[in-house]
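Colleague: For this one, chain A is given, so just place chain B on it according to the hints.
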Amino acid sequence: MVNVMTDLQKLFSQRLSRHAGQLLKYLRLVFTDHFVIALFFFFGALGFAYQNELKTLTLGVWWGPWLTMLILVITLQMGRLATLLEPADAVFLLSAETTLHQYLKHARNYSLLMASFIQIAVGVVLLPFLARGDQMTLLEAAILIMTQLITKAAWMNWQLQQGVQQEKHSIAQVRLVNWLGAIVIFGLSLFVSVWVGLIAALLALSASIADLGKRWQLGQLAWQSLITNENGRMMVLYRFFNLFTDVPQVKATVRRRRYLDPLWKLVIGHSTNPYLFLFTRGLGRDSDTFGLITRLTVMGMIILIFLTNQWASLVVMLLAIYLIGFQLLPFYREYEGKVFTHLFPVTKGQQLSAFKTVLTDVLTICAVLFVIVDVAVNWSWLRLLIDVVAMAAELIIFIGWYSGWRLRKS
Amino acid sequence: MGIEVEHLVGGYSQVPVLKDVSFSVADGEVVGLIGLNGAGKSTTINHIIGLLTPIRGHIQLGGVDLKTDPSAYKQQIAYIPELPVLYDELTLQETLTLTMMAYGLDVEKTWIRAHELLKTFRLDNKLNWFPANFSKGMRQKVMIVNAFMTNAKVFIIDEPFLGLDPVAVHDLLQLIEEARGRGAAVLMSTHVLANAEKYCDRFILLNQGEVKVSGTLDQLRAAFPDVGGSLDDIYLALANGERND
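Chains A and B, in that order, are what the protein sequence lines are. Residue numbers for the first sequence follow the numbering used here, beginning at 1 and rising by one. Residue numbers for the second sequence follow the numbering used here, beginning at 1001 and rising by one.
Treat the hints with care, since some could be wrong.
Below, simulated BS3-like cross-link-like pairs (lysine-lysine); rule was C-alpha separation at most 30 Å, straight line [claimed, not checked]:
no.: 1; chain 1: A; residue 1: Lys-265; chain 2: A; residue 2: Lys-10
no.: 2; chain 1: A; residue 1: Lys-338; chain 2: B; residue 2: Lys-1109
no.: 3; chain 1: A; residue 1: Lys-338; chain 2: B; residue 2: Lys-1119
no.: 4; chain 1: A; residue 1: Lys-265; chain 2: B; residue 2: Lys-1126
no.: 5; chain 1: B; residue 1: Lys-1067; chain 2: A; residue 2: Lys-409
no.: 6; chain 1: A; residue 1: Lys-356; chain 2: B; residue 2: Lys-1153
no.: 7; chain 1: B; residue 1: Lys-1109; chain 2: B; residue 2: Lys-1126
no.: 8; chain 1: A; residue 1: Lys-251; chain 2: B; residue 2: Lys-1067
no.: 9; chain 1: A; residue 1: Lys-338; chain 2: A; residue 2: Lys-348
no.: 10; chain 1: A; residue 1: Lys-265; chain 2: A; residue 2: Lys-168
no.: 11; chain 1: B; residue 1: Lys-1153; chain 2: A; residue 2: Lys-348
no.: 12; chain 1: B; residue 1: Lys-1067; chain 2: A; residue 2: Lys-338
no.: 13; chain 1: A; residue 1: Lys-356; chain 2: B; residue 2: Lys-1019
no.: 14; chain 1: A; residue 1: Lys-251; chain 2: B; residue 2: Lys-1019
no.: 15; chain 1: B; residue 1: Lys-1126; chain 2: A; residue 2: Lys-168
no.: 16; chain 1: B; residue 1: Lys-1109; chain 2: A; residue 2: Lys-168
no.: 17; chain 1: B; residue 1: Lys-1126; chain 2: A; residue 2: Lys-338
no.: 18; chain 1: B; residue 1: Lys-1119; chain 2: A; residue 2: Lys-348
Hints are computed from structural coordinates only; laboratory data are not their basis. The structure presented is a predicted model; accordingly, all values stated were derived computationally and were not measured.
Just chain A, with the same shape it has in the complex (with noise of 0.2 Å):
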């Protein structure tokens, strides 16, 4: 027994570093020497506005409490349990169960200390606001960025209490403890006294460790919760760095769109093709290509409304479709992997068809998107022939001939 619990102490440890090194390793991707460098730019700019501001603030404005606690709130919220749990722990440590509340509290204090980071950085920040526009003194700043953090201690414990009881709370219930429990503290802090503040933080940690402390004895845990919790924190994170890099746990997830379904009859008609059913649900649903032709249109669309030169905005808009038209193209291939792509007495012919056709289609509301967009912000009759003939010229070339010619090759 006393081994498992040693075991189990140093396995935190151990999931910790590998998750740091996870962690690391995405961060290395996401804060390039060019992103580095943005955001330098971009949080200059913004303390260079704030501090402007803050100089144009009249002492003690009446919103001040309540923007302050609308800070305080959303940020008490950030920086959830970090249990690094994974799915077959639920299998393979079941029966340390009882043992595990070590390993829990080791979580526990991370995830606190992690979340401190963030709170005591807003804190920092709010700073100069709550001496001007909060009148505040610096001790009473500093009781305020206290009581905040032992109000998200409580919170974390509250968190972690959701894992280790049998009845589960509603998805409602916690939000409302969470937000009306933090608005109450807050809204004493500021209203009445930062040392009532204080004292309500305070209390609410002591009831947390007391509960805590007796559910520890009961000594079941909700797995599901825990692990689906989890779970839910990593994809959070991966999403994030998805954006940045490739990250292989990201799967692209399906949405029924039920919008899309009259879209769908139009484009498919009396047509036959079951590649014509496929690709058209596919295109439409799938979240990773759906997203990408969209980013990119949308994109298209605001350049082409800061655009003013006519010949910079047909580049513009010619790339933005080849751009769409290639990353489409490897979706004719999305199927290949399901046995019943092979099974189905259907010929080559008919697939590549199929593709063409919703090709076009998705290529020609892309140009007719970006023509109206262009000639809405430079209307000319001229602008609009240009328009429309470069854009057909290049659907013609790009479909016809360049998009079979790539799909033969590959």
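Modeller: Just chain B, lined up with the frame of chain A:
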């Protein structure tokens, strides 16, 4: 007619898994493909449905060769894979519609049949759900509905009973009986020997990529005279024989 496999040599790479496998399944016949893990059952099935190209040998379905007329060949097959395979982006309704389109079935008539089957397998209220999120058993049921709503001439069923509830197993066996009654050829691989013994007309025992024995239960008993009467006994004798080799 039905399924004809002649001197099939094949596998996933140049190293053959199947060594000269020959058997046939006649129309209106249910044949059990039986063997230990790794005996070559799934490989045989993958060859029949045309996922793998034979190194040597021929496979014909209803007298049609895959090489000469792939479309007509595949048109005859209804396949239930060992693990359910579904399109993530299609709802249950769309999954079935896609199959109907692919096989050129009469959509209205087939839907009547599909609705019956969905009701049998208690899926009729889930038409707008994504089956990719279903449980293993329910996904398996989708595959069964998908296969049996067609009027296929050849059914290839790979280990269909795992994960199914007893009611569904019973319903599936009844569907197989019905298909046999219509004159379809059914090839079913399974480890559930009790079901196989009751419902299959003949058996093919595969061992290390070769047909060890084949025939009706009586013929198998004659081939392994001292081991006992049930398919279970014969199967265990075969397994032990292999261990002692």
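Colleague: Please list, smallest to largest, the hint numbers that this structure does not respect.
Modeller: Result: hints 1, 6, 8, 10, 13, 14, 16 and 18 break, sorted rising.
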